[in-house]
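For this one, chain A is given, so just place chain B on it according to the hints.
2 protein chains.
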Amino acid sequence: MADALSEFGLIAKHFAPLATHCGALALTDDACVLPQEAGRETVVTADALTAGVHFLASDPPNLIASKALRVNLSDLAAKGAEPVGYLLALALPQSIDEAWLAEFARGLGEDQQVFGVSLLGGDTTATPGPLTIAITALGTVPAGAMIRRSGACAGDHVFVSGTIGDAGAGLKLLQDGKADDAYLVGRYQQPMPRLRLGLALRGVATASLDVSDGLLADLGHIAEVSGVRIVVAADAVPRSAALRRIDPDGVVRAVTAGDDYEIAFTALSPKAVESAAAAAQTPVTRIGRIEPGQGVALIDGQGREIPVTRAGFTHF
Amino acid sequence: MADALSEFGLIAKHFAPLATHCGALALTDDACVLPQEAGRETVVTADALTAGVHFLASDPPNLIASKALRVNLSDLAAKGAEPVGYLLALALPQSIDEAWLAEFARGLGEDQQVFGVSLLGGDTTATPGPLTIAITALGTVPAGAMIRRSGACAGDHVFVSGTIGDAGAGLKLLQDGKADDAYLVGRYQQPMPRLRLGLALRGVATASLDVSDGLLADLGHIAEVSGVRIVVAADAVPRSAALRRIDPDGVVRAVTAGDDYEIAFTALSPKAVESAAAAAQTPVTRIGRIEPGQGVALIDGQGREIPVTRAGFTHF
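Residue numbers (this note's numbering), protein chains in the order written: chain A, 1 to 316; chain B, 317 to 632.
Chain A on its own, in the form it takes in the complex:
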């Protein structure tokens, strides 16, 4: 980081305007204070992103900021939580200049307006390593309403929002220097947290999470924690027209690609899910069913299991 601005100067200039919640005290205090309310619970989650691992250092700074915030809001969405705000721990390499930071802050500010959240606090440090962005996001739910991973039961159906595999394809296009498909690249660089759907799924979904490691790998987490087996019909997995155009036969690639940030969930009543999806104006597709047993299976139209060698994408 250039010496032109001290940490305090940076905070005041670029980040204090983002502290729109009155409890954030304009970032002039050690901590943020948030109201509590009888009958509600706080939902809190943390996700960190490192340049070269979770995003490309050459990505536009406003999109890096947006992605870092959105992957956290996506966790709140999958839990049925209403977002309140976030804390930001930034480790900045020397190469970051103030113009970059201004763009980064602009990206956060725009998303704050879209999602109705505030910066609540944070910390900025210098690092000889790559840019690292650690965000902790806070939201609230009515007491007992958080949708966990552990509630899936045999007889439930499995659903996913939006389309699967776009972000993985977008990343590959970027890596190959063929970033001509703005839709697919955008799905990688700027995911859309499904907050409205998450709210609508309270009391409907029996288990839920957001798809970050890959659909099959993430459904594996639900299967493990719920103690059930999940069977996914390959033909039912929703893939976008843009993805099918460049990869017509890539269902296995799609269900093992990461970074979708769609919501995968289970529910007993397809009708209730349909209503929730309509209320949230969010596309939802039924892709499978819950059975007794364990693990996740991808099956073809004849019910035969499709071998999936790559159990799932992991950033680590």
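Hints are computed from structural coordinates only; laboratory data are not their basis. All of these numbers come straight from a predicted model, not from anything done at the bench. One or more of the hints may lead you astray.
[Said to hold, decoys possible] Here are some chain A residues pointing at chain B (derived, C-beta under 7 Å):
id, residue
1, 29
2, 47
3, 116
4, 118
5, 127
6, 231
Idealized CB from N, CA, C, for every residue including glycine.
For chain B alone, coordinates are given in the frame of chain A:
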């Protein structure tokens, strides 16, 4: 990070046992859920530490963990908050092996018992850069009881807990390879968050923060946000016997050294502060007064201002 353990394996083995709060769901979910209560507020703060900047990469891993947690608990202490737990975002370089992680987790576990807190969630990523530890700590206060930086008034007195300058001297000993004074080195490597004092200062202190950048620099934050002038008597600044032995005349060094993690605060009634200090069994010293005006001045026994060239230590 060695390939032997995946992120999920690491979490389950070393960190899940630290998730003692039932709302942390044994780290098997996307988020943690915490109860809310009428008449209380949530206090949340974030502090990040980077190897080579905030600690030495060669420090014992259990002490690195302990320091990362304690500097965050220290912020809660200064706000009068009761700690609940913390989220941990770890960026791990390749050089970290499982034995190191086990020691790191042991340090966290021991401090969790001391301070009654739980790991609530987090994230682990690989980095080609140095080890970075970003912690977000959560606590609670009765509504309206958080002690802010902004309440200091002319006529108030200025106080500080414990002794000042020890950690700075300990760091210098470590850097010079003369780490023979276990007390001073310990004050740098493992600060003691003044949680009991913070609780006792609710309703007594008019403004408060923890001393991390250096006593004068941090009092400068109170002066700025409260819109007052702070006058500190150099002779009154509490320095330990160990520090005075190696640096008898170093008052200016002490008040500009960082990492003390004592509480500096203002209050109208020295008698009420005395009672609070006694209740918390924590040493507290009166070091100055609040006047109309702005800025911070260090004065000698004759009331003359002592020039302080180094306005304060900063990690950035």
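Hint by hint, here is what the structure shows:
Annotation: interface hint on residue 29 (chain A) holds; nearest CB of chain B at approximately 5 Å, less than 7 Å. The restraint placing residue 47 (chain A) at the interface with chain B holds, with a minimum CB-CB distance near 5 Å, inside the 7 Å limit. For residue 116 (chain A), the shortest C-beta to C-beta distance to chain B is roughly 18 Å, which exceeds 7 Å, and the interface hint is violated. Of the supplied interface hints, the one on residue 118 (chain A) is violated, with its beta-carbon coming no nearer than about 12 Å to a beta-carbon of chain B, more than 7 Å.
Interface hint at residue 127 (chain A): satisfied, since its Cβ lies 5 Å from the closest Cβ of chain B, which is below the 7 Å cut-off. Against a cut-off of 7 Å between C-beta atoms, the interface hint on residue 231 (chain A) is violated, since the closest Cβ of chain B lies about 22 Å away.
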